[in-house]
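Trainee: Sequence:
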Amino acid sequence: MKVKEFAKIAGVSPSTISKIIHHNDQNISVETKERILALAKSSGFLPLQVAGKNTHNFLLGILLRDFSEFSKLKYLIEILQNHGYQCILSSSENTDSGEKKQLNLLQARGVSLVLWEALNAETNQEILEASQIPFLLFNSKGENVLSPDYRSISYFLTQCLLQKGHHKIACLAVENSLQKDFISGYSTCLIEHNLKVNTEFIFYEKESCKNYLLQNRCTALVSSSYAVLIEMYYFLLQQSYSIPSDLSLLALAEETDTITEQLSALIIPRREFAMHCANMVTEILEKQKDSSSSFHPILKLNSEVSIQKMQGSSVPKVLVIGSMNTDHYLSFKELPKRGATTTTDKSFVYPGGKCLNQSIGLARLGLCPLPIAAIGSDMESTMLLNYLHKEKINTSGIKKYEKTQTGQAQIFLQEDGESMITIMSGANSYLSPEDIHKKKALFSKAKFCLLQTEIPISTIQKACEMAKQMNICTILKPSTGPCIPEELFSLIDFMIPNINEIMELVPHEKNYKLAAKELLRKGVKTVIVSLGANGIYIRNKDIDSVINAVSVPVIDATGASDAFISAFTAYLAKGYSVLSAAKIANCAAALSIGKQGVAPALIEEDVLEAFVRKQDFSLLSL
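Under our numbering, the first residue of the sequence shown is numbered 62, with each subsequent residue one higher.
Since the hints were made in silico from the structure, they are not lab data. For clarity, every value in this text was computed on a predicted model and none was experimentally measured. A couple of the hints might just be wrong.
[Unchecked claim] Label-pair restraints from in silico Cβ distances:
#	residue 1	residue 2	range
1	Lys271	Ser679	44 to 54 Å
2	Pro661	Gly584	29 to 39 Å
3	Asp477	Pro546	29 to 39 Å
4	Gln657	Lys451	13 to 23 Å
5	Leu362	Gln471	36 to 46 Å
6	Leu683	Leu581	24 to 34 Å
[What the hints assert, rightly or not] Lysine to any residue pairs mimicking SDA-like chemistry, simulated, CA-CA at most 20 Å apart:
#	residue 1	residue 2
7	Lys500	Gln522
8	Lys394	Gln475
9	Lys529	Gly584
10	Lys257	Gln220
11	Lys464	Asp439
12	Lys508	Lys529
13	Lys229	Ile252
14	Lys501	Lys523
15	Lys394	Pro614
16	Lys583	Leu549
17	Lys135	Thr317
18	Lys407	Ala618
19	Lys460	Leu298
20	Lys135	Ile149
21	Lys586	Glu526
22	Lys675	Val615
23	Lys271	Val289
24	Lys675	Pro614
25	Lys161	Gly171
26	Lys80	Ile70
27	Lys394	Phe473
Even glycine gets a Cβ: it sits at the ideal position worked out from N, Cα and C.
Turn these sequences into a full structure, and let the hints guide you.
Mentor: Have a look at this one:
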């Protein structure tokens with residue numbers, strides 16, 4: 062609170078407040094001064110609380126182990142100096158002899174009180190006690206310790222995770238002054254919620270914690286150090302963990318920490334703590350005994366971005382292997398014709414590529430996508446990564462190629478939703494079988510693998526081979542109609558082409574139904590053909606059926622296939638039959654064509670299911 066703000070509350074001028082602060086208050090009545098000082102105490106206005114006690118003649122000693130903790134004390138020193146205290150700052154240089162020397166020097170200077178980051182408080186406090194010099198400890202053990210209430214803070218952090226349904230919570234309390242209290246708060250919280258304290262879940266250093274977390278025995282981690290948790294976060298991403306769906310992360314942080322948007326924390330308000338400490342100093346010097354050395358801030362998290370409510374079962378994970386582009390739209394009344402010049406004043410840029418689109422579609426439908434893709438080292442790559450991070454999608458499988466452009470799609474969009482697309486592959490063409498092999502850890506987590514042919518066919522084949530080895534269901538979108546090796550067909554569980562694509566794959570057949578039959582003969586388990594406005598055709602050994610399209614106004618049909626594939630996979634993963642999942646996905650495709658751009662048109666689970674119920678209420682019944 063500023064002087065002007067408090068003066069307004071007190072009903073006096075700012076100059077009156079300033080006079081009291083600087084002890085130039087001879088012309089202010091005793092009654093007015095006492096009223097203002099009482100109001101300052103009740104409202105927590107420290108400048109007047111300190112000024113009202115005539116503390117300006119006190120000399121304080123501040124003894125640090127070294128100057129690394131100075132940042133935590135800067136607010137305190139600033140407040141003390143601004144309101145009449147003189148401060149002597151010194152360091153023991155982390156030696157017992159240096160501590161004794163500096164304490165003796167402070168004693169000789171006649172300090173009124175010592176703020177002490179002690180190395181050996183039990184022994185060296187005798188130097189101060191001999192001269193009856195009071196002291197307050199910080200980052201130390203013992204009585205009269207200036208410290209936030211780390212027990213309560215740790216209790217609160219642990220409780221936040223318990224409220225999300227987590228019962229297997231690991232605790233990382235790195236070596237520092239708060240370690241014991243942090244573990245105590247964590248343990249007390251578990252006990253009071255009728256949970257056993259498992260010592261295997263308590264860690265004192267990060268390396269042993271890393272190894273344990275990789276065994277997937279815990280669902281959440283609470284840390285006493287934000288800096289250490291950041292390191293753990295990036296380590297887990299490298300190991301193909303998705304935060305928070307695989308593991309929820311929460312930490313205690315300082316205002317001086319570099320706070321990232323990806324991690325949740327309780328940030329200690331150091332300025333408020335400094336005001337609390339200044340009050341403590343004043344109360345000791347004025348011989349007041351009604352204070353507490355513990356600091357009890359209002360406990361709240363900066364965000365819940367890295368903690369997640371536990372699901373009844375683990376969220377299904379889906380590999381998505383393919384292209385990432387920036388989609389550059391040009392909107393026309395009619396598509397350009399060969400040899401003609403067409404102008405437009407409408408252009409848009411969206412994140413795109415089937416890998417990115419399908420990953421977003423899956424995430425919005427409640428699944429955990431694990432994209433594997435290649436991007437360049439340009440501004441476009443940063444845009445794509447930022448977009449994925451906002452959707453809380455794990456990007457550890459995305460490889461950045463230096464001195465390479467990110468892929469681009471040029472989309473010519475007609476008013477009725479029809480489109481023409483050209484693609485500049487860029488980094489997409491560099492995604493190699495070796496890149497797939499290096500991401501083997503991701504395959505071990507997945508139930509489905511989505512693929513499309515905007516990346517090298519050798520890379521697709523390698524992914525299919527690895528997927529089959531691990532009993533992962535494969536779904537292929539033959540988006541550009543390349544020559545597919547005969548041996549690849551038998552590795553595909555679902556192939557989802559449109560009419561043009563299936564006729565390119567099987568050019569000797571007269572229609573899409575015969576072409577689908579031929580693909581089954583080659584080894585594909587199920588073929589789903591997109592018929593545009595006429596719906597979809599499904600063919601496998603048990604099904605031979607056309608599902609009519611849902612009639613909706615068309616704005617942009619570009620992303621209909623990505624919306625379909627995302628929803629089809631999501632509802633297969635949720636236990637729906639092929640036919641039911643396809644009907645639900647048909648509704649998702651219909652919803653997507655009513656918006657401009659692919660990624661923006663991909664919808665949330667509740668929106669889709671509300672739309673499905675309008676079409677067929679029984680369809681969502683398992």
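Trainee: For every hint, state whether the structure bears it out.
Mentor: These are the hints, each one checked on the structure:
Separation of Lys271 from Ser679 is about 48 Å and conforms to the stated range, judged on CB atoms against 44 to 54 Å. The hint said 29 to 39 Å for the Cβ distance between Pro661 and Gly584, and at roughly 37 Å that hint holds. Between Asp477 and Pro546 the C-beta distance comes to about 37 Å, which sits within the given range of 29 to 39 Å. For Gln657 and Lys451, the hinted distance range of 13 to 23 Å is satisfied, since their beta carbons lie about 19 Å from each other.
Our hint of 36 to 46 Å for Leu362 and Gln471 holds, since their Cβ atoms are close to 44 Å apart. Roughly 27 Å separates the CB atoms of Leu683 and Leu581, a value that falls within the hinted 24 to 34 Å. Of the pairs offered as hints, the one joining Lys500 and Gln522 holds, with about 15 Å between alpha carbons and a cut-off of 20 Å not exceeded. Between Lys394 and Gln475 the alpha-carbon distance is near 5 Å, which keeps this suggested pair within the 20 Å criterion.
Restraint check for Lys529 and Gly584: the C-alpha separation of about 13 Å stays at or below 20 Å, so the hint holds. A distance of roughly 14 Å separates the Cα atoms of Lys257 and Gln220; the hinted pair therefore holds under the 20 Å criterion. Note on Lys464 and Asp439: the hinted pairing holds, with a Cα-Cα distance of about 8 Å set against a maximum of 20 Å. The hinted pair formed by Lys508 and Lys529 meets the criterion: a straight-line CA distance of about 11 Å does not exceed 20 Å.
Taking the CA atoms of Lys229 and Ile252, the gap is about 13 Å. The hint holds against a cut of 20 Å. The straight-line distance between the Cα atoms of Lys501 and Lys523 is roughly 11 Å, inside the 20 Å bound, and the hint therefore holds. Under the criterion of a C-alpha separation no larger than 20 Å, the hint pairing Lys394 with Pro614 is consistent with the structure, at around 16 Å. Simply put, Lys583 and Leu549 have alpha-carbon atoms about 9 Å apart, close enough for the 20 Å limit, and the pair holds.
At roughly 11 Å between alpha-carbon atoms, Lys135 and Thr317 fall within 20 Å of each other, so this suggested pair holds. The hinted pair formed by Lys407 and Ala618 meets the criterion: a straight-line CA distance of about 17 Å does not exceed 20 Å. The straight-line distance between the Cα atoms of Lys460 and Leu298 is roughly 13 Å, inside the 20 Å bound, and the hint therefore holds. With a CA separation close to 13 Å, the supplied pair Lys135 and Ile149 stays within the 20 Å bound.
About 15 Å separates the Cα atoms of Lys586 and Glu526, which keeps this hinted pair within 20 Å; it holds. With a C-alpha separation of about 19 Å, the suggested pairing of Lys675 with Val615 holds against the 20 Å cut-off. With a C-alpha separation of about 11 Å, the suggested pairing of Lys271 with Val289 holds against the 20 Å cut-off. Between the alpha carbons of Lys675 and Pro614 the distance comes to roughly 16 Å, so the proposed pair stays at or under 20 Å and holds.
A distance of roughly 16 Å separates the Cα atoms of Lys161 and Gly171; the hinted pair therefore holds under the 20 Å criterion. Taken as a hint, the Lys80 and Ile70 pair is honoured in the structure, with Cα atoms around 17 Å apart against an allowance of 20 Å. Our distance criterion of 20 Å between C-alpha atoms is met by Lys394 and Phe473, whose separation comes to about 10 Å.
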